[in-house]
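There are 2 protein chains.
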Amino acid sequence: MEKTKKVQEGETEMFQDIQLKNVRVDDPFWSQRQKLLGSVTVPYQEDILYDRIPGIEKSHAIANLKIAAGLMEGEFYGMVFQDSDIAKWIEGAAFSLALFPDPELEKRIDEVIDLIEQAQLEDGYFDTYFIVKEPGRCFQNLQEGHELYCAGHLIEAAVAYYEVTGKDRLLHIVERMVDCIRAHIGPEEGKIRGVPGHEEIELALMKLYRLTKDEKYEQLASYFVYERGNDPDFFENERKNRGWAVWGGSFTNIDYHQVRMKAASQTRAVGHSVRAMYYYTAMADLAEHRQDQQLADACRRLWENVTSKQMYITGNIGQEAAWEGFTNDYELPNDLIYGETCASIGMVFWARRMLEIQALGSYADVMELELFNGVLSGMQMDGKHFFYVNPLEVNPGVSGVLPEYRHVLPERPEWYACACCPPNVVRLILSIEKYAWGEKEHTIYSHLFLGGEARFDAADLTVHSEFPRKGRIEYLIRPKKESFTFAVRIPGYARNVRISRNGILQKQQAVDGYVYFEGGWAERESVLVEFDMPLQRQYANPLVRADAGCVAFRKGPFIYCAEGADNAEPLQELRIPDAGEYREIPIEDGVLKGITAIQMPCRRAKGEAGFLYTEKKPELVPETLTLIPYFAWGNRGVNQMRVWLHAL
Amino acid sequence: MEKTKKVQEGETEMFQDIQLKNVRVDDPFWSQRQKLLGSVTVPYQEDILYDRIPGIEKSHAIANLKIAAGLMEGEFYGMVFQDSDIAKWIEGAAFSLALFPDPELEKRIDEVIDLIEQAQLEDGYFDTYFIVKEPGRCFQNLQEGHELYCAGHLIEAAVAYYEVTGKDRLLHIVERMVDCIRAHIGPEEGKIRGVPGHEEIELALMKLYRLTKDEKYEQLASYFVYERGNDPDFFENERKNRGWAVWGGSFTNIDYHQVRMKAASQTRAVGHSVRAMYYYTAMADLAEHRQDQQLADACRRLWENVTSKQMYITGNIGQEAAWEGFTNDYELPNDLIYGETCASIGMVFWARRMLEIQALGSYADVMELELFNGVLSGMQMDGKHFFYVNPLEVNPGVSGVLPEYRHVLPERPEWYACACCPPNVVRLILSIEKYAWGEKEHTIYSHLFLGGEARFDAADLTVHSEFPRKGRIEYLIRPKKESFTFAVRIPGYARNVRISRNGILQKQQAVDGYVYFEGGWAERESVLVEFDMPLQRQYANPLVRADAGCVAFRKGPFIYCAEGADNAEPLQELRIPDAGEYREIPIEDGVLKGITAIQMPCRRAKGEAGFLYTEKKPELVPETLTLIPYFAWGNRGVNQMRVWLHAL
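Order-wise, the sequence lines are chains E and S.
Residue 381 in the working numbering is what sits at position 260 of the first sequence, and the numbering runs on without skipping anything.
Residue 147 in the working numbering is what sits at position 26 of the second sequence, and the numbering runs on without skipping anything.
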């Protein structure tokens with residue numbers, strides 16, 4: 122078990138994120154979703170930013186930009202972080218360009234960049250909320266102001282746009298913007314010794330650093346990560362000195378912002394979950410880059426806490442709506458959940474960085490779980506409706522209606538006034554290549570199964586994948602160097618794993634979730650990974666009160682759920698046997714076309730009106746249970762849904 | 122089955138509530154509780170009203186009275202309905218005097234009545250909030266002002282104090298007060314055609330009417346009941362015309378106040394549950410008094426809705442904290458529940474009035490269920506700590522802590538700023554005789570088993586009761602008239618019922634929950650009712666999602682629960698077999714002394730740290746389950762508690 126790929130101390134070569142130009146996706150699952158996002162969602166979100174879609178809450182994001190640029194009269198409208206919608210759209214649109222070249226779209230992105238350039242102040246400052254609405258109050262409210270959060274997203278957009286197009290105009294804008302931030306914030310005398318109220322800029326600065334190799338970006342990222350928690354009262358003191366507020370001073374809890382203690386001391390995930398995820402992503406990134414073992418240990422502790430104590434079976438995190446975040450270990454209510462789509466996206470970011478610290482299959486397993494469940498459930502099949510909140514149990518008349526459940530919508534709405542999740546889904550799925558592949562220390566990693574092609578320094582690969590329909594992935598490898606390692610992740614749910622190299626069955630076992638192929642590469646080699654993905658019953662740790670006595674279903678990367686559209690309501694009447702045959706039913710038409718449902722015999726404890734409590738145990742009648750993948754729920758109108766079903 | 126005792130049309134004799142002077146309680150269960158309330162709680166609450174208890178939220182109720190009376194300088198402090206604390210205390214103290222004569226207490230009550238008399242305005246108006254804080258705004262805010270609610274409680278206090286002491290000073294005060302109300306509110310031209318925002322005065326006026334036989338009180342009660350819902354917009358229009366508010370206009374929902382439709386049209390319980398209970402009590406009272414079949418039908422529909430769709434197994438009602446009231450049928454969350462003690466008390470009031478419409482054992486069964494569970498759980502064993510909210514599941518670190526659960530305290534606090542429940546428990550339990558007995562149409566009813574003596578026109582009774590420890594109640598009857606009927610309720614949970622008359626076993630069956638003994642009374646007769654009360658497993662209707670897959674326990678009138686004090690936590694790990702032996706364990710010391718616990722074998726699905734979800738079904742290890750009566754929970758520190766346990 123010493124095969125674990127650990128970073129050697131002293132190694133200095135900077136790892137680079139996978140560049141989209143080196144990968145071509147041709148995947149039976151993800152290609153059609155990327156196509157939908159590129160052809161439908163990116164232009165739809167563009168129309169929203171320009172307020173061209175009637176009947177939905179206006180965005181005003183482009184209008185804010187025009188007003189800030191002096192091209193239009195008017196007032197700022199929207200959230201204090203409205204700019205980030207534009208940044209995230211640019212990033213997603215850039216990734217879309219990489220997959221689906223579109224000169225018209227590229228031109229339109231350039232026009233938005235024009236506006237940003239014109240709106241940017243002389244000193245590099247850029248944030249339309251403060252430029253238009255609160256001039257003179259810049260950087261006075263790091264807690265609520267979201268200037269650094271928006272800056273982070275603009276940096277990510279610039280890095281992505283440069284990566285895809287080679288155009289550096291937005292890059293220079295963000296470089297000037299970061300110089301402005303550095304001029305005002307930092308550990309030096311006379312500067313604001315603060316940290317952002319919403320983490321994001323840290324991970325973005327690391328991307329900018331990798332692209333530009335300019336140490337000042339790494340230093341600013343490090344400052345933000347290492348300073349955080351140094352002064353738990355910073356936000357409170359800032360508030361006292363300021364005398365004004367964006368939201369009237371809610372969310373003053375230091376846990377909400379993860380500032381109770383320094384990064385290296387953190388032991389459990391607390392507060393707002395998206396903030397936490399972006400923070401932990403940067404922590405992991407820096408821990409690896411700086412070889413900071415204390416920081417890496419903190420990342421491992423936090424990972425352990427989230428994934429073994431505070432994560433839903435679908436990968437969703439954030440149990441509490443009031444602060445959109447974490448609560449107690451094992452406290453995982455399925456119906457009251459927050460489970461924000463962005464938090465699952467943040468888990469993907471974090472998992473990907475954890476894989477750089479150490480290639481553990483369990484990190485990639487969670488990353489894949491999020492992508493196929495917690496992230497994807499955020500989007501309707503039509504690419505135009507989105508969930509913020511992803512419940513594991515929905516009850517019509519209760520969810521979205523009763524006060525405690527008002528945030529749990531039973532159907533995806535068209536748009537939100539606060540539109541953080543939709544463009545986040547776009548930018549993640551359109552760059553899924555960056556998460557599927559890895560290259561480090563002369564090792565090529567296949568973290569996720571993704572059909573298509575990928576070029577690395579050491580070799581070029583072609584992948585024929587039948588995943589997730591079937592556990593059969595064939596890698597054709599054309600080595601370019603003599604010595605390198607090829608590592609393929611074997612998922613935790615894989616059963617009866619067969620590994621062949623050049624047609625010959627191998628006895629090789631996965632080590633920490635990866636099978637490693639080394640040395641003696643012929644001109645063309647093939648690695649075939651095959652495994653079974655039987656339907657698995659899943660039981661929660663009995664410490665989880667919400668799932669006691671219940672069972673859930675998993676098949677490969679998919680968690681399943683039962684919906685009223687396929688099963689008579691109420692679903693709590695269903696009783697699931699411990700074992701038994703099941704059938705896979707490919708859905709051949711309708712909105713769920715292409716998805717495979719699962720059917721099996723079950724029982725129903727049939728209720729009837731007229732009484733509440735009785736000495737007689739409910740009689741059980743035979744019934745057929747129909748399950749669909751969790752991500753596909755809520756596409757057929759308002760109905761009941763449950764992931765956890767009562768066991769017989 | 123035609124034996125049902127229905128009221129004959131045209132019958133005019135007014136029924137009277139049982140007078141305390143005709144009953145002496147000597148009961149193995151209730152006597153000690155009455156003693157505790159009389160000796161500890163009544164003086165404790167008196168000290169609170171006078172602000173003599175250090176370290177708890179001040180009441181200021183007596184101070185408000187002194188300020189209103191011009192005997193003290195100062196500002197009004199407390200809730201808009203703070204006066205009702207005094208009224209409820211007087212009522213409870215009066216009932217205490219009936220049981221435990223105490224000239225000193227009587228003198229102190231008279232002193233409070235002095236203050237009320239001095240504070241009352243010339244025109245009869247009495248409400249210290251408006252007299253002291255908002256003069257000139259009387260009767261402008263029937264929605265929030267609680268003047269009629271407080272008036273109702275003062276009327277009840279006056280009726281009780283007169284009943285016990287024969288002193289009529291408070292009675293005259295409330296007569297003048299009601300005259301003032303009648304001068305301002307009513308259907309006549311020039312008066313406010315409104316109804317109270319919080320029902321209460323209706324049922325109080327009926328008590329005043331029965332005592333004084335003055336029709337004007339019945340007419341005002343009728344006006345309030347029949348006018349309600351006539352103009353659903355009354356509160357909204359009142360608010361618009363007024364331009365000021367007590368609470369800034371929350372609770373504007375017409376369902377909250379039960380004003381969407383007229384009484385006779387109501388089909389399901391909605392809104393604030395205490396308001397609803399007091400309303401339904403008055404509806405039932407009037408339906409019977411006026412022989413209004415439409416109103417009686419509405420009462421039956423509402424009763425059916427509450428008891429077969431919206432009531433917890435402990436009798437608690439009101440599922441939603443936001444409006445302290447009803448939500449959806451079968452939506453009965455055990456941990457988010459409101460379940461106010463006062464609402465269970467209201468159920469007792471309502472059930473008692475339903476029994477006058479028709480003597481159905483099911484009404485008395487619910488009345489008894491409330492008394493032994495939902496009501497009694499509101500009070501600590503020490504008589505000094507109280508619950509507002511009575512949960513069926515408590516989880517330390519969640520209950521009282523996480524936002525959705527903040528109202529669900531895991532321990533009874535000493536006092537509340539809003540102190541409606543504690544004095545309500547006092548006045549109910551100290552007058553339990555009124556609920557236990559009934560007399561109507563030449564029939565004496567034993568609705569509840571209550572040891573002691575009771576005198577009626579037709580006969581005097583002595584009751585030797587071993588209930589609830591044992592189902593053995595002996596009635597010694599000394600007839601005073603030749604012809605009368607004696608009816609004893611046989612509870613729904615009774616098994617193997619044996620009925621003897623003068624030592625001879627009878628073949629008589631209960632009809633609609635009552636056994637009727639008629640005619641040919643000898644000078645002395647005895648009726649012995651015996652039945653078994655085996656431990657019963659209770660299953661919820663599968664339409665109740667919160668209880669799916671769970672089982673609860675009932676033994677006689679008691680619902681049981683498991684507490685962390687007796688069982689290793691977490692309690693959701695426990696798995697209860699379908700059947701099996703059990704032991705009764707009398708608790709011989711400590712705070713639960715005198716209570717009988719129940720033990721039986723069960724299993725535990727043992728959780729352990731390190732993972733969240735697994736393919737392996739949790740192993741079950743043998744364990745002993747210990748249950749205690751629900752009312753006794755929360756007396757041994759903060760710990761987990763569950764009524765519903767997972768079935769094996």
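The set of hints was computed from the structure by calculation and includes no laboratory data.
Be aware that a few hints might be false.
A pair counts as met if it fits within one copy or between any two copies, since identical chains are not told apart.
Distance condition first, Cα-Cα at most 27 Å in a straight line; then the derived BS3-like pairs of lysine-lysine [as the list claims (entries may be wrong)]: (1) K738 <-> K727; (2) K591 <-> K737; (3) K288 <-> K555; (4) K142 <-> K601; (5) K383 <-> K288; (6) K738 <-> K602; (7) K676 <-> K738; (8) K738 <-> K228; (9) K738 <-> K628; (10) K628 <-> K383; (11) K676 <-> K737; (12) K337 <-> K737; (13) K328 <-> K156; (14) K179 <-> K505; (15) K591 <-> K337.
Against the structure, the hints come out as follows:
no.	hint	verdict
1	K738 <-> K727	both (11 Å within a copy, 25 Å between copies)
2	K591 <-> K737	between (45 Å within a copy, 24 Å between copies)
3	K288 <-> K555	within (20 Å within a copy, 87 Å between copies)
4	K142 <-> K601	within (18 Å within a copy, 105 Å between copies)
5	K383 <-> K288	neither (38 Å within a copy, 71 Å between copies)
6	K738 <-> K602	neither (69 Å within a copy, 48 Å between copies)
7	K676 <-> K738	between (32 Å within a copy, 17 Å between copies)
8	K738 <-> K228	neither (68 Å within a copy, 57 Å between copies)
9	K738 <-> K628	neither (52 Å within a copy, 31 Å between copies)
10	K628 <-> K383	neither (46 Å within a copy, 79 Å between copies)
11	K676 <-> K737	between (36 Å within a copy, 15 Å between copies)
12	K337 <-> K737	neither (72 Å within a copy, 51 Å between copies)
13	K328 <-> K156	within (26 Å within a copy, 75 Å between copies)
14	K179 <-> K505	within (15 Å within a copy, 56 Å between copies)
15	K591 <-> K337	neither (47 Å within a copy, 82 Å between copies)
In this structure, the hints that do not hold are numbers 5, 6, 8, 9, 10, 12, 15, in rising order.
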